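Order-wise, the sequence lines are chains A and B.
Quick note on the numbering used here: the first sequence kicks off at 7 and runs consecutively.
Quick note on the numbering used here: the second sequence kicks off at 904 and runs consecutively.
Think of the hints as simulated: they come from the structure by calculation, not from any bench.
Here the structure is a predicted model, which means the values were calculated and not measured.
There's no promise every hint is true.
[Said to hold, decoys possible] Dumping the calculated BS3-like pairs for lysine-lysine here, alpha-carbon to alpha-carbon at most 25 Å: (1) B:Lys1174 to A:Lys279; (2) B:Lys1175 to B:Lys1090; (3) B:Lys1071 to B:Lys1175; (4) B:Lys1138 to B:Lys1071; (5) B:Lys1067 to A:Lys279; (6) B:Lys1138 to A:Lys143; (7) A:Lys279 to A:Lys202; (8) A:Lys102 to B:Lys1071.
[To be verified] A few chain A residues that face chain B, going by a derived Cβ cut-off under 10 Å, partial list only: (9) Ser50; (10) Ala53; (11) Val77; (12) Ile81; (13) Leu107; (14) Val124; (15) Leu153; (16) Leu198; (17) Ser199; (18) Asn200; (19) Lys271.
For every residue, glycine included, the Cβ atom is placed at its ideal position computed from N, Cα and C.
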Amino acid sequence: MMQKTSFANESLWVKRAGILITLGFLAVFIVLPLYTIFSEAFRSGVAVYKKAVTSPEVLSSIRLTLTVALVCVPINTIFGTLLAWSIAKYSFRGKKALTTLIELPFAVSPVIAGLMFVLLFGAHGGLGRWLQSMDIKIVFALPGIILATTFVTFPFIARTLIPLMESLGNDDEEAALTLGASGLQTFFKITLSNIKWGLLYGIILTNARAIGEYGAVAVVSGLIRGETTTLPLTIGFLFDEYAFSAAFAAASLLTLLAFVTLILKSAMERRLKASD
Amino acid sequence: MKIIKTKSALPGFGITLGLSLTYLSLLLLIPLAALTLYAARLSWGEMVHILTDRRVLSAFYVSFVSAGMAALIAGMFGLVIAWTLTRYRFIGQRIIDAAIDLPFAIPTAVAGIALAVMFSKNGVLGKVLTPLGWDIALSKAGIVIALIFIGFPFVVRTLQPVIKALDKEVEEAAVSLGANTRQRLLKIIFPAIMPAWLTGMALAFARGIGEYATIIFISSNMPFQTEIVPLLIVKKLLQFDYTGAAALGTMMLVLAFILLFIINALQSWMKKRESST
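Could you put together the complete structure from these sequences and hints?
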């Protein structure tokens, strides 16, 4: 691989301008926002920061957010893998339409995602009234938040695994089957070990979005403060009432999580490239 | 080339596809149907009445214009960034390359409040810009800034592999045959990267139209001025105007399908370009 361009007329200033613009843009859109988050979080000192991140409101919303992620990530991992397997390993009619449908949660506004569940389960509809008579709460409660989050994070695993599984082909699985392995053995021993980095990559992205989702959760939780506020919603509430230090202290926790996500993500990307 | 098999030798087709489709129906199709059926109760006249309301029209206008402007600006900078990161080597490049994904990894609400404070009167950038008469926070420009943040990684990430795959030998041959920089750009580079560039901008636009949390904190959210469609839907829901919300939601859903279709078409154009070179 040639690392440097050798065009006589691609003068040094083009390169310099490119680097300058890149660094300038990223300074404004990456560095300064991060600086703002941490400087606002610690503006009133470490004691205030500590108090903010251990306040009952923040702690209970962290608990809720983790609960949501703990339910929604495994569900999407299982069904995302199943879906990717059935799309990548077989060919059938309507496969392309199905592949496009998977992308829908990314194309539609998170607010619409929330709206769909409110209309489906809300108390104004037949289903909603029946649920109410059975004393089951979905919208404006935990199940609604989980459903909406599962909806918006659904595509990550399938869209990572489909191209990966397609590029790997079926040869390994077919060899295992010929040698007498059962279908499930083949999946767990062969397929899963072939796709493990891709799967982890998908899980990391699913988790990041599940923890950070705002729009869809805001709508299904009815923006009710209290029991149904996830951490991003709490940050929004604190910010709206000008409790900037507290809002940014809580936001700094999610920013640290974003750093972890980025590090793991690029590590997985390197693994994936290496196994190519 | 992958050989497409009509019959796979692998077992489990029925059960895996069956379970996947059941899951998809429960999670995607039934909620989708709930939204469209709700809106379908409206007569044409009522639907038109809701959608041509002045406040609704101006929300669509604000959403479209800001998402469009943001996609174009993200497109410009995204191209320069993708080019610089793939063609040149410099210190700190790997960290910078990884940092491009921050908008994907950081929760939108966190980015939203950070941008809002950054551009406010007392923020790091607002302090400099406000005396110059540039009131970014609370204005339409704020919405565009938020959407540039959300959108530029899409442009960079779609362009990078295409720029990497550009055949430098063709460019060198053109240069040795006397082509100048402008010719090289117009005849060789732009035609090759155009599909990917448009795809990246379309992805940024689609994301921008639906974005909510990054915008609401930096925008003043004023009806007729800085109110975006997703916010108007939330406001309608908070006032228990479910029909209005459903009508707007259905419009947005149709829009999402159209954008998905366009992006798909652009992506297959991109793949064709890749395989023809």
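Quick one, are B:Lys1174 and A:Lys279 close enough, alpha carbons at most 25 Å? holds (20 Å)
(message) Using the nearest Cβ pair, does A:Leu107 come within less than 10 Å of chain B?
(response) holds (7 Å)
Handout entry: Given hint A:Lys202 paired with A:Lys279 - CA-CA distance at most 25 Å
Key = The hint holds at about 13 Å.
Holds or violated: is the Cβ of A:Ser50 closer than 10 Å to a Cβ in chain B?
violated (14 Å)
Q) Any CB of chain B closer than 10 Å to the CB of A:Lys271? A) This hint holds: A:Lys271 lies near chain B, its Cβ roughly 7 Å from the closest one there, short of 10 Å.
Given pair status - B:Lys1071, B:Lys1138, alpha carbons within 25 Å = violated (53 Å)
For the restraint on A:Ser199, tell me whether the closest CB of chain B is nearer than 10 Å.
violated (16 Å)
Exercise for review: For the pair we were handed, B:Lys1138 and A:Lys143, check the Cα-Cα distance against 25 Å.
Suggested key: Holds: B:Lys1138 and A:Lys143 sit about 22 Å apart, inside 25 Å.
Exercise for the section: Could you check if A:Leu198 really has its C-beta closer than 10 Å to a C-beta on chain B? Expected result: violated (14 Å)
Given A:Leu153 as an interface hint, is its Cβ closer than 10 Å to any Cβ of chain B? holds (8 Å)
* Can we keep the A:Val77 interface hint, with Cβ of chain B closer than 10 Å? -> Violated: closest Cβ of chain B sits about 13 Å from A:Val77, beyond 10 Å.
For the restraint on A:Val124, tell me whether the closest CB of chain B is nearer than 10 Å. Since chain B brings a Cβ to about 7 Å from A:Val124, closer than 10 Å, the hint holds.
The structure does not agree with the numbered hints 4, 8, 9, 10, 11, 16, 17, 18 stated previously, though it agrees with the rest.
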